[in-house]
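J.: Read off the chains here:
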Amino acid sequence: MKAAVEQILARLRDQNVEVSADEVESRMRLLVEKFGVPEGEATRSVVNYFLKEHGIAPASFVARKSESLKVGEINSPGRWIDLEAKVVELWEPTSSAISQTGLIGDETGTIKFVKWTKSELSDLELGKSYLFKNVVTDEFQGRFSVKLNRTSGIEELAEEVKAAEVQTGGGQVEEMKISEITEAARWIDLKAKVVQLWDPTSETISQTGLIGDDSGVIKFVKWAKSDLPDLVEGESYLFKNVVTDEFEGRFSVKLNRTSGFEPLEEAIEVSPQEATFTGAIVDVQKGSGLIKRCPVCRRMLTKGVCGEHGKQEGTYDLRIKAVLDDGLKVQEVLINREKTESLVGISMEEAKTMAMEALDHEVVRGMIGEKLLGRYYTVSGPTVDRYILVETISPVPPVTAQEADLLEARAEEVI
Amino acid sequence: MAGFAREVARRVFAQELRDSDLSFRENEDQYAPLYLITPTGARCNRVLLVGTLTEKDNLGDDVEYWRGRVADPTGSIFVYAGQYQPDAAQALSGTEPPAFVAVVGKPSVYETEDGTRLISVRAESVQRVDAETRDRWVLESAARTLERIEAFKAFLEMGGADAFSSGDELLKKPSSPADVADIGKAHLHYSPDLERYRQMVVRSLFALKGEISEPRIDEAAEPKAEKRKAGSGRAGPAWEEEAFGGGPEEREEEISDIEELEEPFNLIEDEGPGDVERIEEEGLFFGGREKAAPKKRRER
Chain A
48 MKAAVEQILA
58 RLRDQNVEVS
68 ADEVESRMRL
78 LVEKFGVPEG
88 EATRSVVNYF
98 LKEHGIAPAS
108 FVARKSESLK
118 VGEINSPGRW
128 IDLEAKVVEL
138 WEPTSSAISQ
148 TGLIGDETGT
158 IKFVKWTKSE
168 LSDLELGKSY
178 LFKNVVTDEF
188 QGRFSVKLNR
198 TSGIEELAEE
208 VKAAEVQTGG
218 GQVEEMKISE
228 ITEAARWIDL
238 KAKVVQLWDP
248 TSETISQTGL
258 IGDDSGVIKF
268 VKWAKSDLPD
278 LVEGESYLFK
288 NVVTDEFEGR
298 FSVKLNRTSG
308 FEPLEEAIEV
318 SPQEATFTGA
328 IVDVQKGSGL
338 IKRCPVCRRM
348 LTKGVCGEHG
358 KQEGTYDLRI
368 KAVLDDGLKV
378 QEVLINREKT
388 ESLVGISMEE
398 AKTMAMEALD
408 HEVVRGMIGE
418 KLLGRYYTVS
428 GPTVDRYILV
438 ETISPVPPVT
448 AQEADLLEAR
458 AEEVI
Chain B
183 MAGFAREVAR
193 RVFAQELRDS
203 DLSFRENEDQ
213 YAPLYLITPT
223 GARCNRVLLV
233 GTLTEKDNLG
243 DDVEYWRGRV
253 ADPTGSIFVY
263 AGQYQPDAAQ
273 ALSGTEPPAF
283 VAVVGKPSVY
293 ETEDGTRLIS
303 VRAESVQRVD
313 AETRDRWVLE
323 SAARTLERIE
333 AFKAFLEMGG
343 ADAFSSGDEL
353 LKKPSSPADV
363 ADIGKAHLHY
373 SPDLERYRQM
383 VVRSLFALKG
393 EISEPRIDEA
403 AEPKAEKRKA
413 GSGRAGPAWE
423 EEAFGGGPEE
433 REEEISDIEE
443 LEEPFNLIED
453 EGPGDVERIE
463 EEGLFFGGRE
473 KAAPKKRRER
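Line order of the protein sequences matches chains A and B. Each position in the first sequence, counted from 1, maps to that position plus 47 in our numbering. Each position in the second sequence, counted from 1, maps to that position plus 182 in our numbering.
Read the hints as simulated data drawn from the structure, not as lab findings. By construction, the Cβ of each residue, glycine as well, lies at the ideal position given by its N, Cα and C atoms. The reader is advised that the hints may include incorrect statements.
To be verified - Simulated pairs of lysine-lysine, DSSO-like, Cα-Cα distance not exceeding 30 angstroms: (1) A:Lys287 <-> A:Lys350; (2) B:Lys391 <-> A:Lys418; (3) A:Lys350 <-> A:Lys272; (4) A:Lys376 <-> B:Lys391; (5) B:Lys335 <-> A:Lys165; (6) A:Lys350 <-> A:Lys339; (7) B:Lys335 <-> A:Lys376; (8) A:Lys175 <-> A:Lys287; (9) A:Lys209 <-> A:Lys224; (10) A:Lys224 <-> A:Lys272; (11) A:Lys175 <-> A:Lys301; (12) A:Lys180 <-> A:Lys99.
Unchecked claim - Residues from chain A that keep clear of chain B, each with C-beta distances beyond 10 angstroms, as calculated: (13) Ile121; (14) Asp129; (15) Ser389.
Between the sequences and the hints, there should be enough to build the whole structure, so can you do that?
T.: Quick look at the structure:
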């Protein structure tokens, strides 16, 4: 905060504007602390605010004041600078407000750039070098970037700027197994088979579904803007330069414009991770019992409405979403219709009759809860995300005297 | 890694639970989960109790507010369910004691005016179960308690709370049943007599073996050793038996203020993703595949 205030004061002084540090600081605090404005943004806002107060147009101010820097010298946000750099990467813009984004670099390093749509600047080409005039530095979570806006300019350079190696998290893009994906925003290569394609839920997605290798399966999203050809279900590919993503603890990989893939001759063997868990059923969750599914996407309907496809007649299904717990860990499980029927001893037809008589589908979940809650089971099956898709489920046999003896012997040892 | 994990239901015997009075939140946020640290270092936001419902009363006037007493081989504890736990309240009202019940719920601490702290469990679910389930729970709770005692002993051998920062050995222990920090907290707050809890475990196993070998005459009346006369009205006998020292006035107070124990709905826990159906779809896909060798599940 202090540094930012100093910077603002210095810049205002350049314009012969004298403002007290307290005034600047209180305005900064208001923006940053009360309204959560990023510091770089707040700095700009405060400068503009005081300039305006003194009748100076910000544009004329910034146009005159920009220094020439190297990428490696950028160490504070909100500075207007000139840069000579080469476009080393172009990324998929995440917003229509951005016309281009990616990495530019010189011999001292690389830095992210954002070219706003409103800047109306012509497009940068990958691999070409430019003089970036009057761009503004920004900072987010300790990382700097430069922004190209309406007052910025670009001039292509005849001479190529030598750019430093791109520094990503682990250096080079590495080939990984699916089970090794444990963090977001890593650029990786994967050899995997397309095990399932789903209907994209948005026009921005050209394909989505699951890919798998011998270590597990993972969701993928291929953005429409990637302009990549279609993947074929059941085929194996080498996916190049895809980026990992994470949402609520679950990972996925995204294919964007810089990603690629090539078909593999050999078929990748897919085997999901298997797990076995023993514990007490501590919850039979909402969405268990007799449910209706959307005929298009198989998702559960809520009050006859599918989140994606609107009001639907729906088809009945019976399933259990339950939580097992052994006192140390929790394990969520999904039990399909067939296994639910044999476990609970009720057919789907009987469940329908039951629901009809009670005029309430929830009675089926209640009945399942009565049978399962608090009881001990061993389940096994493949794991996907945090679920075990139950293939076998059996009650834990009654305690034997031997089990009690063993534990008692152990208790005697702890003295 | 982001994502809100569901809290584990700890296994703690009634005796240990009733000895507990150390609760804390991890941060100031009103929705931060509340934890109870027990004397052996179990960190409980949720517990699973399986025992005998020995009495139940409706304490409410206009709105039903049910209190049940659940006994295990070591003691008993009160379980509450009101309008915010409709399923559990309905189950409590519909279960005639004595009966074996499984209770999943959140421990809550109530402090009386004289500073006495009382532990009860706010039930999320109450379900009638069989004797086999109760036996399994006793064995499991004995095992978990013993594991905590073992970890606690290891902690003390490392130099106790003084060696807190250098408790590397303990940290390295695979599948440590209780977090070292939790043991440290328990040590500082309770300085527990571990032998007492070890004996509690031995007693529970002894009672369990009696259950296994002897054929059951009247399932509902067990466990014999813990059978209590159904309490008369609001004043449960356990208040007198234990060191809570509450007079009748205090008991009334406890009852009238019990709503204060209600926490806001727990917004922290994620009760399931929207695309669970897709995962099931995947299940369909895997249905036809050849089985792979089981692999250890990745820790989340």
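J.: Would the hint linking A:Lys350 and A:Lys339 be met if the CA-CA limit is 30 angstroms?
T.: holds, 9 angstroms
J.: Would you check whether the claim that A:Ser389 is not at the interface survives, using Cβ distances to chain B and the 10 angstroms cut-off?
T.: Fine: 16 angstroms to the nearest Cβ keeps A:Ser389 off the interface.
J.: Going by Cβ atoms, does A:Ile121 stay more than 10 angstroms from chain B at every point?
T.: Since the minimum Cβ distance to chain B is about 30 angstroms, A:Ile121 lies beyond 10 angstroms and the statement holds.
J.: Given the hinted pair A:Lys175 and A:Lys301, is their Cα-Cα distance within 30 angstroms?
T.: holds, 26 angstroms
J.: Keeping to a limit of 30 angstroms between CA atoms, is the pair of A:Lys209 and A:Lys224 held or broken?
T.: violated, 34 angstroms
J.: Using Cβ atoms and 10 angstroms as the threshold, tell me whether A:Asp129 really stays out of contact range of chain B.
T.: Its Cβ never comes within 10 angstroms of chain B, the nearest being 39 angstroms, so this holds.
J.: Hint check: A:Lys376 vs B:Lys391, CA-CA at most 30 angstroms. Holds or violated?
T.: Holds. A:Lys376 to B:Lys391 sits at ~27 angstroms (cutoff 30 angstroms).
J.: Between the alpha carbons of A:Lys175 and A:Lys287, is the straight-line distance 30 angstroms or under?
T.: Within the cut-off at roughly 23 angstroms; holds.
J.: CA of B:Lys391 to CA of A:Lys418, is that 30 angstroms or under?
T.: holds, 26 angstroms
J.: Is A:Lys180 within 30 angstroms of A:Lys99, Cα to Cα?
T.: The given pair, whose Cα atoms are some 24 angstroms apart, holds under the 30 angstroms limit.
J.: Against the 30 angstroms threshold, does the CA-CA distance of A:Lys350 and A:Lys272 hold or violate the hint?
T.: Since the Cα atoms of A:Lys350 and A:Lys272 sit roughly 35 angstroms apart, the hinted pair is violated (cutoff 30 angstroms).
J.: Within a Cα-Cα threshold of 30 angstroms, do A:Lys224 and A:Lys272 meet the stated pairing?
T.: holds, 26 angstroms
Of the numbered hints stated above, those contradicted by the structure are hints 1, 3, 5, 9, listed in ascending order.
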